[in-house]
Amino acid sequence: MGCEMETDQTEDMDVVLSSMWPEDINEAGRQFNVERPGADQDMLEEVTINKEPNIVDFKRLMELTNYSDKGNWQLANLIKNWEYKQENAVRLLREELDNLSKQQQEVELKKLEILEEHRFEQDGYGGDKRPISILDENLKYLYQDAPRRRNDVVFEDEKVEIEAEFDSVVYWKQRAVHLEKLLEASIKREQVLIEKLQESIENLERQSSPVEELSQVLKRADNFLHFVLQNAPVVIGHQDKELRYRFIFNHFPSLGEQDIIGKTDVEIFSGAGVKESQDFKREVLERGLPAKREITFETELFGSKTFLIYVEPVFSKAGETIGVNYMGMEVTDQVRKREKMAKLREEMAVQKAKETELNKTIHITEESMRAKQMLATMSHEIRSPLSGVVESGVMKLEATKFRPREVVKHVLQTAAASLQKLLTLEGNVADDVPVEVIGDVLRIRQILTNLVSNAIKFTHEGKVGINLYVVQEPSTIAKQGSQKLDRDTTKELPMSESQDDQNGRDENSTCENHKLSNGAQVEEEKETNRKTEEQVVWIRCDVYDTGIGIPENAIPTLFKKYMQVGADTARKYGGTGLGLAICKQLVELMGGHLTVSSVEHHGSTFTFVLPYKVSSISDSSDDPDELSDSDHQDVLGDGNDDDLHSGVFVFQPRTLGTLFSSQSSTRIQKLTPNSYAFNKCNGLLLEDSLSPSSNITYKETRSDEDANSAAGPMETSYELEISDNLSSAEKHEKSVPNTDLVGRFHPYVHPSNSLRAKHNVDENLETCVTYQGQAQAQARTDGISSECSSSNSPEIPKGDLKPKILLVDDNKINVMVTKSMMKQLGHNIDVVHNGAEAVRAVQSNNYHLVLMDVCMPVMDGLEATRLIRSYEETGSWDDAIKAGVDIQLPSPDSQSNSQLEKTRKRIPIIAMTANALSESADECYANGMDSFVSKPITFQNMKQCLQQYLP
Amino acid sequence: MLGLSVDRLRADMNRLLALLFHQGVLDEQFLQLQQLQDESSPNFVSEVVNIYFHESEKLLRNLRGLLVDKEFSDYKKMGIHLNQFMGSSSSIGAQRVRNVCVAFRAASEQNNRAGCLRALELLEYEYCYLKNKLHELFQIEQQRILAAGVRYPQQRQQPNNP
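Quick mapping for you: the protein sequence lines, in order, are chains X and E. Residues in the first sequence are numbered from 1 upward in steps of one, following UniProt numbering. Residues in the second sequence are numbered from 1 upward in steps of one, following UniProt numbering.
Bear in mind the hints are in silico, worked out from the structure with no lab data behind them. Just to be clear, a hint being listed does not mean it is correct.
[Stated by the list, open to error] Straight-line alpha carbon distances no greater than 30 angstroms define the calculated DSS-like cross-link-like pairs of lysine-lysine that follow:
#1 Lys133/E x Lys823/X
#2 Lys354/X x Lys131/E
#3 Lys882/X x Lys76/E
#4 Lys812/X x Lys58/E
#5 Lys102/X x Lys241/X
#6 Lys819/X x Lys58/E
#7 Lys812/X x Lys76/E
#8 Lys181/X x Lys102/X
#9 Lys131/E x Lys58/E
#10 Lys77/E x Lys882/X
#11 Lys819/X x Lys77/E
#12 Lys173/X x Lys111/X
#13 Lys102/X x Lys131/E
#14 Lys823/X x Lys58/E
#15 Lys70/E x Lys352/X
#16 Lys819/X x Lys70/E
#17 Lys819/X x Lys131/E
#18 Lys812/X x Lys77/E
#19 Lys360/X x Lys131/E
#20 Lys80/X x Lys70/X
#21 Lys343/X x Lys70/E
#22 Lys343/X x Lys305/X
#23 Lys823/X x Lys131/E
#24 Lys58/E x Lys354/X
#25 Lys133/E x Lys360/X
#26 Lys905/X x Lys823/X
#27 Lys317/X x Lys241/X
#28 Lys305/X x Lys457/X
#29 Lys360/X x Lys76/E
#30 Lys70/E x Lys196/X
Predicted model, so just to flag it, every value in this text is computed and none were measured.
I would like the entire structure built from these sequences, with the hints used as guidance.
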């Protein structure tokens with residue numbers, strides 16, 4: 001029964017019922033977390049809380065509390081809390097009461113025991129027994145508030161000390177008095193306790209008004225809310241079913257209560273966003289689901305602001321929505337920042353895209369620059385009809401009268417005009433070179449231009465020049481390649497420098513004296529019986545420079561197509577490497593040759609030697625090539641002759657002050673830019689017309705008339721002669737196609753292959769050696785005749801054995817042209833338009849020859865050839881069927897075996913390839929083709945092909 | 001006077017042809033084409049060339065259509081068109097058109113859109129030039145034939161001097 005009083009009981013007791021706020025409100029509500037107020041608390045005291053913004057429609061609040069689930073529930077919680085607290089207090093008081101009554105009982109029991117003891121143990125107790133106050137110390141533990149625990153209060157059993165002798169009367173008297181005192185004290189204590197209890201009960205009653213406590217709680221919560229919200233840019237509100245405000249909290253109120261409560265948004269203020277906000281609230285109300293939205297307001301009331309609005313519906317107990325809670329937070333700055341960020345990001349993205357685009361553009365520009373450059377170089381070198389030579393290996397030449405000095409001068413002048421270096425351009429035409437010769441001036445000029453521009457390209461300082469002089473006709477025949485056999489039989493070896501100039505001069509003078517106009521020279525002219533009359537002069541032309549030169553090992557490849565000395569050179573100097581190849585071919589086609597000698601780092605000299613017919617000239621009457629000459633005739637009367645014969649031209653670099661040297665001063669005056677330009681454009685025509693008149697219009701007439709009477713100047717008769725030849729040949733054979741251009745463009749095309757040579761070379765070789773030009777011309781004429789006869793009366797007898805030819809080409813134009821050519825060659829052809837059709841055609845017909853385009857839709861020529869070859873080898877069309885060709889296999893009885901056998905003979909298949917395309921000859925052969933002809937198809941290659949592959 | 005005008009027209013034709021050759025607009029193949037014209041097909045050249053124009057305009061339209069579509073350029077198809085164009089151009093000897101086709105095709109093989117567009121423009125330019133000049137040529141020829149009294153060229157294959 002020991003009573004252990006805890007020393008810290010004060011604090012322990014202090015806790016009891018101390019909080020104004022229900023401790024377990026967390027469990028119940030969880031909406032607020034409020035600090036318990038201590039002695040030093042209420043920090044809110046120091047905070048001024050502005051309560052004005054809080055505008056409440058209390059009636060509505062009551063309604064809400066009464067009718068809405070939430071309000072009800074909150075109220076219930078509060079009450080439950082209070083009840084719990086009170087119960088707890090009652091319980092504690094009761095416990096205390098129990099304790100006290102227990103103590104009282106014990107005390108009484110003790111008293112009885114003492115009395116009894118004294119009765120039976122008289123001697124046992126002496127006066128040394130002293131009374132001890134049991135409550136002395138314990139009183140202070142009794143508190144005015146009901147103690148929560150008064151556990152066991154133990155009274156110590158102490159002996160009463162009495163001084164009197166034991167068991168004496170005095171002793172007993174003393175003892176009785178002492179006990180009396182103890183009893184009194186005990187009673188007193190009991191009374192105190194009872195009072196205390198009374199007081200506690202009173203206290204309890206006094207303090208525990210639930211309403212008071214609740215309002216205190218609410219007030220605190222309210223205070224906290226205000227404290228938290230006082231500076232927040234938020235608006236909190238409640239609106240009823242009709243969206244009329246019933247409560248609003250707005251820290252920055254701009255309107256009074258009467259302006260807001262009971263009104264809707266649209267009634268309160270107007271402007272952008274108001275309607276939207278109201279509609280949004282209504283939507284939430286209708287849908288019954290909370291939602292958030294950002295709305296930008298633009299109102300007179302508070303300007304432009306963006307709010308993030310949260311709206312949740314409020315339900316009645318019956319589950320109906322009876323209003324919305326609304327909370328808005330101003331996020332204008334954030335929105336602005338966000339928009340700014342988005343804008344920045346967008347700008348960055350745009351910037352990046354632009355950058356990418358720019359890079360792409362740069363790339364594309366670089367590429368197109370390259371392409372442009374390539375195109376420019378290409379166009380420089382192949383724009384002119386020169387490429388015709390490369391493409392077809394066939395060309396026709398013109399015979400026109402021209403003045404070599406003029407040509408040299410023009411070429412140099414043109415080069416000087418576009419010169420971008422400090423180079424001296426010079427030309428030197430030997431005196432023995434005739435004033436006028438006959439040849440294909442256009443091409444000669446092109447060759448010369450090409451060589452000069454090449455020389456300029458590779459020369460950085462010094463000079464570039466042209467030397468022209470007459471040489472002895474080459475006596476040795478150089479035979480170069482069977483391809484050019486027919487025309488190149490008279491090709492001469494490079495001649496020695498020790499030309500017999502005198503000889504040349506003699507020839508020249510003879511020519512001039514006798515006014516012999518017709519030379520055998522240009523090969524396309526068919527002079528047959530005029531050996532005695534014609535005069536040929538071989539003129540050598542050196543184009544020299546002081547440039548970088550050509551390494552010795554590079555010289556052999558120099559004239560190959562698309563070859564330059566080295567990759568470095570190509571990079572540094574550009575160009576396609578086509579120019580020299582064309583020049584060489586051109587020179588050789590004209591019966592001459594082109595050579596080069598070079599010392600590296602010192603310069604190169606390109607030399608070509610060509611035969612020209614000598615034209616007779618009457619200086620006085622013959623009209624100069626340019627109109628300007630006649631225009632200036634009066635002024636330059638004297639200079640005219642000089643001009644014709646002076647053969648030295650020097651074009652100094654322009655920076656030296658004078659455009660041209662004094663030597664050529666007269667020339668400069670004459671060659672005004674206009675006249676020069678005119679000459680360039682029309683020179684061909686003028687030279688061509690051969691008319692002595694300076695007037696173009698009348699020239700033709702005169703020439704005609706002259707020809708008619710056969711008494712005109714020699715030039716005219718020369719022309720007549722050619723025409724006669726030509727026409728007679730045509731009359732005979734009717735195979736040389738003609739146009740109204742005959743005699744002007746001389747459309748007769750020279751063979752470039754060995755075909756014709758086969759016919760003629762044997763019988764004529766010797767003649768050629770002996771008689772050179774004439775013999776050559778003879779041979780050629782013969783060639784034409786035989787050719788014509790062969791085409792007109794084909795080797796294959798007409799009738800059943802007429803060869804069947806199949807053309808496979810998808811290009812309409814090509815088909816038309818090829819068909820027409822074949823017609824003229826005496827063949828009718830079948831045409832199909834792709835590989836698959838070709839396979840079908842071959843399957844159902846016996847062809848003797850197939851001309852197959854390579855690039856075609858559906859099935860290309862290579863595959864078609866493969867399939868045909870596969871059939872020829874295996875006798876079955878399986879591969880073709882596998883490849884998707886719709887083959888109709890003949891029934892066994894419809895076709896005889898022999899016929900099938902026959903079909904299986906290998907058909908010659910000739911590919912038609914375009915050089916510009918990546919169709920290689922190897923590929924054609926690899927796929928089973930027998931040969932190829934390059935497009936565009938010409939008479940020559942077609943004829944050759946037919947001769948080779950048709951029996 | 002008739003003869004005079006015939007000859008003058010012929011001179012005009014020759015001058016024009018010479019110019020076209022000199023500029024590289026036409027090459028030798030055009031002469032091959034002229035050789036194919038005879039009694040049996042007196043208008044062969046202009047027939048072929050007209051078909052060429054017809055086809056080429058179709059091809060140019062297609063090419064432009066392919067290139068205008070910014071989303072997608074079918075370079076393979078473009079290559080097929082260009083092969084056609086190249087083939088027919090070289091068949092009639094339209095040298096410059098053909099050369100531009102070559103460059104165009106190179107650009108299309110590299111999927112170089114900008115290059116293709118440039119080439120297309122150049123091609124259209126060259127094509128128009130060619131067409132105008134050939135029309136001019138045919139017009140002169142027609143006048144000449146009229147002036148010559150419905151005589152076709154091959155009947156006048158006698159030397160220039162009547």
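Hint check results:
Among the hinted pairs, Lys133/E with Lys823/X is consistent with the structure: their alpha-carbon atoms are about 29 angstroms apart, no more than 30 angstroms. Under the criterion of a C-alpha separation no larger than 30 angstroms, the hint pairing Lys354/X with Lys131/E is inconsistent with the structure, at around 41 angstroms. Of the pairs offered as hints, the one joining Lys882/X and Lys76/E holds, with about 25 angstroms between alpha carbons and a cut-off of 30 angstroms not exceeded. The hinted pair formed by Lys812/X and Lys58/E meets the criterion: a straight-line CA distance of about 13 angstroms does not exceed 30 angstroms.
Among the hinted pairs, Lys102/X with Lys241/X is inconsistent with the structure: their alpha-carbon atoms are about 63 angstroms apart, more than 30 angstroms. In summary, the hint linking Lys819/X to Lys58/E is supported, as the alpha carbons are separated by about 23 angstroms, within the 30 angstroms threshold. Distance restraint check for Lys812/X and Lys76/E: the Cα-Cα separation of roughly 21 angstroms lies within the 30 angstroms cut-off, and the hinted pair is therefore satisfied. Pair hint Lys181/X plus Lys102/X holds up; C-alpha atoms about 21 angstroms apart against a cutoff of 30 angstroms.
Restraint check: the Cα-Cα separation between Lys131/E and Lys58/E comes to about 14 angstroms, which is no more than 30 angstroms; the hinted pair holds. Distance hint between Lys77/E and Lys882/X is fulfilled; the C-alpha atoms sit about 26 angstroms from each other, no more than 30 angstroms. The suggested pairing of Lys819/X with Lys77/E holds, with an alpha-carbon distance near 27 angstroms, which does not exceed 30 angstroms. Only pairs whose Cα atoms come within 30 angstroms are accepted, and Lys173/X paired with Lys111/X is accepted, the gap being roughly 16 angstroms.
At most 30 angstroms may separate the alpha-carbon atoms for a hinted pair to count; Lys102/X and Lys131/E exceed this at roughly 134 angstroms. For the given pair, Lys823/X sits about 28 angstroms from Lys58/E by alpha-carbon distance, which is consistent with the 30 angstroms threshold. For the proposed pair Lys70/E and Lys352/X, the alpha carbon gap of about 20 angstroms is at most 30 angstroms, so the pair holds. A threshold of 30 angstroms between alpha carbons decides the hint, and for Lys819/X with Lys70/E the separation of about 41 angstroms lies outside it, so the pair is violated.
Note on Lys819/X and Lys131/E: the hinted pairing holds, with a Cα-Cα distance of about 24 angstroms set against a maximum of 30 angstroms. Taking the CA atoms of Lys812/X and Lys77/E, the gap is near 18 angstroms; set against the 30 angstroms cutoff, the hint holds. Between Lys360/X and Lys131/E the CA atoms are separated by roughly 36 angstroms; this puts the pair beyond 30 angstroms, and the hint is violated. Proximity of Lys80/X to Lys70/X is assessed by CA-CA distance (about 15 angstroms); at most 30 angstroms being required, the pair is judged to hold.
For the hint pairing Lys343/X with Lys70/E, the CA-to-CA distance comes to about 28 angstroms; that is within 30 angstroms, so the pair holds. Taken as a hint, the Lys343/X and Lys305/X pair is honoured in the structure, with Cα atoms around 19 angstroms apart against an allowance of 30 angstroms. A threshold of 30 angstroms between alpha carbons decides the hint, and for Lys823/X with Lys131/E the separation of about 27 angstroms falls inside it, so the pair holds. At most 30 angstroms may separate the alpha-carbon atoms for a hinted pair to count; Lys58/E and Lys354/X exceed this at roughly 36 angstroms.
At most 30 angstroms may separate the alpha-carbon atoms for a hinted pair to count; Lys133/E and Lys360/X exceed this at roughly 39 angstroms. Distance hint between Lys905/X and Lys823/X is fulfilled; the C-alpha atoms sit about 26 angstroms from each other, no more than 30 angstroms. Between the alpha carbons of Lys317/X and Lys241/X the distance comes to roughly 15 angstroms, so the proposed pair stays at or under 30 angstroms and holds. A distance of roughly 75 angstroms separates the Cα atoms of Lys305/X and Lys457/X; the hinted pair therefore is violated under the 30 angstroms criterion.
With a C-alpha separation of about 22 angstroms, the suggested pair Lys360/X and Lys76/E falls inside the 30 angstroms cut-off, and the hint holds. Among the hinted pairs, Lys70/E with Lys196/X is inconsistent with the structure: their alpha-carbon atoms are about 101 angstroms apart, more than 30 angstroms.
The structure is inconsistent with the numbered hints 2, 5, 13, 16, 19, 24, 25, 28 and 30, although it conforms to all the rest.
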